[in-house]
Each structure stands twice: as C-alpha cells, then as structure tokens.
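Asker: Here is how the chains run, residue by residue.
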Amino acid sequence: MIGTGSAPSPFGQLSGPTVRKVKDPFHGDLLEVSMGPQHPSTHGVFRMDVTLDGEVIVKLKPVFGYLHRNHEKIAENTSYLGSMPYTDRLDYLSSMSTNWAYALAVEKLAGLTVPDRAQYLRIILAELTRLVNHVCLVGFLFNDLGTSFTPLLYAFREREKIIDLFEALSGSRMMCNYQRFGGCRVDPTPEWLAAASRLVDNFPSFLDEYESMLTGNEIMLARTQGVGRLDPKHAINAGITGPVLRASGVNYDLRKVDGYGFYPRFDFRIPLGDHGDTYDRYMMRILEMRESVKILQQAFRELPAGPIMDPKAKLRGFRPKPGEAYGRLESPKGELGFYLLSDGSPNPYRYRVRPPSLINLTLLEEMCLGHTVADAVVILGSIDIVLGEVDR
Amino acid sequence: MSTADNTRAPDPFPAAGNISDDEREELRRHGILMTSLEELYNWGRSNSIWPIQFGLACCAIEMIAAATARFDIARFGAEIFRPSPRQADLMIVSGTVTKKMAPQVVRLWNQMPEPKYCIAMGACAISGGPFKQGYNVLKGIDRFLPVDIYIPGCPPRPEALLNGLMQLQKKIRGEHLTGPDAARHTRADVPGEFPVPTFGEHDLEPTRNPEVWTPPAPITRSGKG
Chain A
1 MIGTGSAPSP
11 FGQLSGPTVR
21 KVKDPFHGDL
31 LEVSMGPQHP
41 STHGVFRMDV
51 TLDGEVIVKL
61 KPVFGYLHRN
71 HEKIAENTSY
81 LGSMPYTDRL
91 DYLSSMSTNW
101 AYALAVEKLA
111 GLTVPDRAQY
121 LRIILAELTR
131 LVNHVCLVGF
141 LFNDLGTSFT
151 PLLYAFRERE
161 KIIDLFEALS
171 GSRMMCNYQR
181 FGGCRVDPTP
191 EWLAAASRLV
201 DNFPSFLDEY
211 ESMLTGNEIM
221 LARTQGVGRL
231 DPKHAINAGI
241 TGPVLRASGV
251 NYDLRKVDGY
261 GFYPRFDFRI
271 PLGDHGDTYD
281 RYMMRILEMR
291 ESVKILQQAF
301 RELPAGPIMD
311 PKAKLRGFRP
321 KPGEAYGRLE
331 SPKGELGFYL
341 LSDGSPNPYR
351 YRVRPPSLIN
361 LTLLEEMCLG
371 HTVADAVVIL
381 GSIDIVLGEV
391 DR
Chain B
1 MSTADNTRAP
11 DPFPAAGNIS
21 DDEREELRRH
31 GILMTSLEEL
41 YNWGRSNSIW
51 PIQFGLACCA
61 IEMIAAATAR
71 FDIARFGAEI
81 FRPSPRQADL
91 MIVSGTVTKK
101 MAPQVVRLWN
111 QMPEPKYCIA
121 MGACAISGGP
131 FKQGYNVLKG
141 IDRFLPVDIY
151 IPGCPPRPEA
161 LLNGLMQLQK
171 KIRGEHLTGP
181 DAARHTRADV
191 PGEFPVPTFG
201 EHDLEPTRNP
211 EVWTPPAPIT
221 RSGKG
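So the protein lines, in turn, are chains A and B.
Sequential numbering from 1 applies to the first sequence in the numbering used here.
Sequential numbering from 1 applies to the second sequence in the numbering used here.
Since the hints were made in silico from the structure, they are not lab data.
Honestly, I wouldn't trust all of these hints.
Taking CB as the label site, the calculated pair distances span [unchecked claim]: (1) A/G82 <-> B/R221: 51 to 61 Å; (2) A/T372 <-> B/R28: 49 to 59 Å; (3) A/G82 <-> B/S222: 29 to 39 Å; (4) A/P264 <-> B/S48: 49 to 59 Å; (5) A/G171 <-> B/S48: 49 to 59 Å; (6) B/P195 <-> A/P232: 42 to 52 Å; (7) A/T150 <-> B/R86: 35 to 45 Å; (8) A/A194 <-> B/R221: 56 to 66 Å; (9) B/Y135 <-> A/L341: 13 to 23 Å; (10) A/E191 <-> B/D72: 23 to 33 Å; (11) B/S48 <-> A/R157: 23 to 33 Å.
With a cut-off of at most 27 Å between alpha-carbon atoms, the simulated DSSO-like pairs for lysine-lysine come out as follows [as the list claims (entries may be wrong)]: (12) A/K73 <-> B/K170; (13) A/K108 <-> A/K256; (14) A/K61 <-> A/K233; (15) B/K99 <-> A/K61; (16) B/K171 <-> B/K139; (17) A/K256 <-> A/K294; (18) A/K108 <-> A/K312; (19) A/K233 <-> A/K256; (20) A/K73 <-> B/K99; (21) B/K132 <-> B/K100; (22) A/K233 <-> A/K108; (23) A/K73 <-> B/K100; (24) A/K314 <-> A/K73; (25) B/K170 <-> B/K132; (26) A/K73 <-> B/K139; (27) B/K139 <-> B/K99; (28) A/K108 <-> A/K73; (29) B/K100 <-> B/K139; (30) A/K59 <-> B/K100; (31) A/K321 <-> A/K108; (32) A/K61 <-> B/K171.
From the three backbone atoms N, C-alpha and C, an ideal C-beta is built for every residue, glycine too.
Sequences are here, hints too, so could you generate the full structure?
Answerer: The structure is reproduced here in structure tokens:
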C-alpha cells in the first residue's frame, strides 16, 4: 500500500502533500497505510488513514461511519420508552449508564422525580457498569500492547461475574433495558444484593492481583509512559471529557460538578493524572475502579427500602409537555448527554446524543503525531472508544 | 438429505464403505482404524475452524466472551481468530452491517480461501434487526453472502454461538467431496467470490447479489404467493 508520487493514491480521500521529495537515499517516499475497518486493533469498525515517514506518523485521519445505525433518526420515530432499548446499543459495554443518561433527560423534560431506592439502585448499577467497562478497557489495552489475550482473560472473568448479576436482575447480559422514566424496572431481591455486595467486596483483591501483573511491567512502562501526551489546554478546547481529560490533570467529573442523582451523598475522590500520557490514562481507570468500589460499598450499606417507581410516572401514553431538556451524566467514557426536544407528541421532535467516545476521538491525530504506528494502536486503545457510540 | 443420498453415485473409492459399522467397531477395538478419506478430511476440517477476527458491533463482545475462559471456544477447535482473511475458514458476521461496511465485508469474504463458511450472528446480521428501519443498515448479510448458519439473538449468548459452531461442524461432517451433492467448494460451477458492491449515492449498487438472494414473492391478498 504505497502511495507513490505520480500514481493516484488508492486512498483518494487523503488531501494535502502526501509525498515528500527524496532528500537522502535513506529516506523514501511517505507511506499511506489504511488501518481498518477490519483490523484487530481498531476496536470495531474504525479506520485510521495513516501517513508514515518510515515508521513515524506524520498524519492521521480517523474515518468513521462504518457503524452508523441511524440511532437518532429511529428515536425520532419511536416513542420515548421505545428508544430505551436502542440506548443499550449505543455504548454496548455499559448499557446501564446509557439507560440512565436517557432516563435523566426524559425525567428533566417531563418533571418526574425518582424515589430514593431507585436513585441508589441507579448508582449501584452505574458503578458496576463502570467496573465492567474499565476492566474490559484495560484488557483490550493490553491486547493492543501485544500481550495477546491473557490480560483479557482475567478481565472477562470479572466481567462475567458482573454480567451475571445484570442478567439476574434485568434478564439480559448486555442489553439491560433496565431504567425507566421515574425509576427502575425491577426491584432486586435481597439475595441479589447480597451477591452483588460480596462481589464488590472481593473486587479490590482482583484489582491487586491484576495490577501486580500489569502496572509495574517494564514493557508496559516503556510502551506507555510519555506516549500520546495530551495537553490539558487542548483537551478542554476540544471538549474532551472523562478519564482522558482527567488524566491530563483537569478536575472535571460530572458526578461532582453536576451532582446528579444522589452522588453528593457519597464519599469518593476523583483521581487525576499529571502527564496526560497513555500510562496516566491507564492508571486513571484502575484508580476509578477503586473509587467505584468505595461508592458501591457505601451504596449497599445505605440502600433504603421503598418503592422503585415514581407513582406519577406512566409508561403508556407518555407525552411530555412541549419543551427541551439536556440530561447528562458521567458515563465510564466521559460526558454522555441526551438532548430532547418535545413538541407534545408521543415521540421526540429532535433527539440528539452527545457521545463521549466520538468527541474524545477528535484529538487522536494530535496525540499520535511523532509516534510510531504501534503506539497509535495503544493510544487508540487508551482513549476507550466504542463504535456503537462513535457512529451511532 | 435422504433424497440426495438415493441419487448419489457409487463411491469410486470405497475405502471404508464396504464394511459395516459393527465390523469397523470390532477392528477399532483391535487398534485398527478404518475410515474414508472424505470422513478423515471432514473430521479434520470441522475440528479446526479458524474464524476471522472481525467484530462489527455489540455481538463482537459476546464473540470475544465466547473465546474467553468461561465459554472457551477452544474446546471446539475454533479459538484461533485470524486477523487476516487469508488464513481464515469462517466468517462470523457479528453485528450490524451498514451500507458503508457491506463492501468491505464482501471483499473480506472474497479474500478468504476455500473452503469457507459464514455465520450470521445476531438479529442485525440476519435481517437488520432492531435497526432494520434505518436508512443506512443492510437488511441481512445474506443478500450478499451465502450464509451457512444463522444465530438469532440480540446479542446471542456465547452459548448460542457455540451451538451455532457445533451446527456448522455437523454440516461440515456431512459434506461430500464427489457426486451430485458435493460440497460447495468442490464444484467449479458455484462461485466462491462475488462482485463487491459500491457505496452508491442512494443505496448499495447493486442492492443484492442475485446469485445468493432473491426477494421472496410478495404475499397477495389470497395468500397464494
């Protein structure tokens, strides 16, 4: 796949000067490589058009849209509740958070309140989702680093335990469709809560085991420290959120900033990075998991009894008053927002998702310039994208 | 299958065909294994299916889960996910195929060497699934590729994928190398590669592969096709 000087490039989309004059015999032409959409490192159907000088990236163009499933258009033609299963399929690693973000927007639009027990359940499920997401991310990141599946086996072992809980509660492993406007769908049994609490109590020992194998690893340190540095100024300007932003040292977490749900009642800290490199982004995930465990333990201690649905909320014939609302929360990947515009009909007039994965991806080129191709794979892995959310 | 067996031409190389199963079992007890080349070939192929490492959407996560320790697809000899289509025998279409992605899927299929098989995993790959009404979603990969096994579910559980794989193994074991019902990859008249559609202005061009899929006849009011 060599883009030579005179012949037209097989990747016609690349613009600008892609070919450089040969200055010395040791430097050839620039090389255009299309990574993806079928590539083991791109986490789904994502393509990077990379221009290389030797092995060093001089230009990178992310190409997406290979999984554009018309989520927003379909939602505008479906009832409010009918969109809930579709939100599962946005970020399919963390469906509980996505459900909650959508429910949050609709509750804002319709002026519904949520009972205390449901608020606690939402936090429990969102934080369990964060554990699933981060543990999978770390597994995939090490896959990208070249450890060929082993850390992923550990990660998926833990994921399966949590996924089993989701299945016991909602009936589905991945696509939970659990949150409702004004509450939750199913009340967990005491056995479920006991099992979940046991899992959470055992989670730190798993993290210790996992970290003892990964964090201090010499190859890992060499491959990630100082790689893919992200300047906080750049990150803020690009609207980057979530662990990627906090790895650059910006203290911005919607759980603290917005204080949605009952998060202000919880005692937890926000981990921050210093360098904004891939290693910090990895550590951010590990530290966030430890904080999530704290939140979960507190939630299990304080979970009140009571109803799980707002009695005023009705599922059938749901027609919110005309108006608009934007509901957002800190999903495992960053600020996930839903913008809804209602004209009083059973389906939203305009429905828009603010996907954290897509916006975190915008600075991929800045992070990758000057690094090698192998590093681009790792940097992409550390950003944590899910293509269902990027392309929608 | 029964009608096909009746019309089957006599095996030109009856290696194991002229002794009964009881006799074979008796010989096996004495340490002598009798088999036909066809059986041996199918046995070997069905137990080392290498899928292409190719995840499209949500179902890909369950495909990965099927490869991990709990479900362990390695028990069925299919754990070697090859990133290159040139080394793969099986394409698991795991997720929504959009119109932008469909040409690449067909191209990957063309690049796979024969014998090759295709599993449509999940509602989206079968028919478009929940996203069927979308303007950018292909309504089933079987419009372009010959699908061997369909696995319903959204997403199917890893157990369902394993079951699908076992069904495929059964299918492979029943294949013949010669005769009128010979396997697809042994026949010169059945194509293994298909024209790659282009991502046109309004839709894929062409919208389907007529060699693989024709639209069902419309249902009339009287109910007769």
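Asker: Now tell me if each hint is right for this structure.
Answerer: Do the hints match the structure? See the list:
The given range of 51 to 61 Å is broken by A/G82 and B/R221, whose C-beta atoms sit roughly 30 Å from each other. Taken as a hint, the range 49 to 59 Å holds for the pair A/T372 and B/R28, whose Cβ atoms sit roughly 56 Å apart. With their beta carbons about 34 Å apart, A/G82 and B/S222 fall inside the hinted range of 29 to 39 Å. Here the CB-CB span from A/P264 to B/S48 is close to 57 Å, well matched to the stated 49 to 59 Å.
The hinted range of 49 to 59 Å is not satisfied by A/G171 and B/S48, whose Cβ atoms lie roughly 36 Å apart. Look at B/P195 against A/P232: about 51 Å separates their beta carbons, and that is inside 42 to 52 Å. Distance hint check: the CB atoms of A/T150 and B/R86 are about 26 Å apart, inconsistent with the given range 35 to 45 Å. Checking the proposed 56 to 66 Å range against A/A194 and B/R221 shows it holds: the Cβ atoms sit about 59 Å from each other.
B/Y135 and A/L341 have their C-beta atoms about 21 Å apart, which keeps the hinted 13 to 23 Å range intact. Distance hint check: the CB atoms of A/E191 and B/D72 are about 28 Å apart, consistent with the given range 23 to 33 Å. Between B/S48 and A/R157, the C-beta spacing of about 26 Å keeps the proposed range 23 to 33 Å intact. Simply put, A/K73 and B/K170 have alpha-carbon atoms about 42 Å apart, too far for the 27 Å limit, and the pair is violated.
A hinted pair counts as satisfied when its Cα atoms are at most 27 Å apart, and A/K108 with A/K256 qualifies at roughly 19 Å. Distance check on the hinted pair: A/K61 and A/K233 sit about 22 Å apart at the alpha-carbon level, within 27 Å; holds. With a C-alpha separation of about 21 Å, the suggested pair B/K99 and A/K61 falls inside the 27 Å cut-off, and the hint holds. A distance of roughly 25 Å separates the Cα atoms of B/K171 and B/K139; the hinted pair therefore holds under the 27 Å criterion.
Restraint check for A/K256 and A/K294: satisfied, since their Cα atoms lie roughly 15 Å apart, inside the 27 Å limit. Between the alpha carbons of A/K108 and A/K312 the distance comes to roughly 14 Å, so the proposed pair stays at or under 27 Å and holds. For the hint pairing A/K233 with A/K256, the CA-to-CA distance comes to about 21 Å; that is within 27 Å, so the pair holds. The hinted pair formed by A/K73 and B/K99 meets the criterion: a straight-line CA distance of about 16 Å does not exceed 27 Å.
Taking the CA atoms of B/K132 and B/K100, the gap is about 15 Å. The hint holds against a cut of 27 Å. About 32 Å separates the Cα atoms of A/K233 and A/K108, which puts this hinted pair outside 27 Å; it is violated. Distance check on the hinted pair: A/K73 and B/K100 sit about 17 Å apart at the alpha-carbon level, within 27 Å; holds. Between A/K314 and A/K73 the CA atoms are separated by roughly 24 Å; this keeps the pair inside 27 Å, and the hint holds.
For a cut-off of 27 Å, the pair hint linking B/K170 to B/K132 is broken: about 31 Å separates their Cα positions. About 17 Å separates the Cα atoms of A/K73 and B/K139, which keeps this hinted pair within 27 Å; it holds. Of the pairs offered as hints, the one joining B/K139 and B/K99 holds, with about 9 Å between alpha carbons and a cut-off of 27 Å not exceeded. The suggested pairing of A/K108 with A/K73 holds, with an alpha-carbon distance near 21 Å, which does not exceed 27 Å.
With a C-alpha separation of about 13 Å, the suggested pair B/K100 and B/K139 falls inside the 27 Å cut-off, and the hint holds. Distance hint between A/K59 and B/K100 is fulfilled; the C-alpha atoms sit about 24 Å from each other, no more than 27 Å. For the hint pairing A/K321 with A/K108, the CA-to-CA distance comes to about 11 Å; that is within 27 Å, so the pair holds. Of the supplied pair hints, the one linking A/K61 and B/K171 is violated, its CA atoms being roughly 43 Å apart against a limit of 27 Å.
Checked against the numbered hints given earlier, this structure breaks hints 1, 5, 7, 12, 22, 25 and 32; the rest are met.
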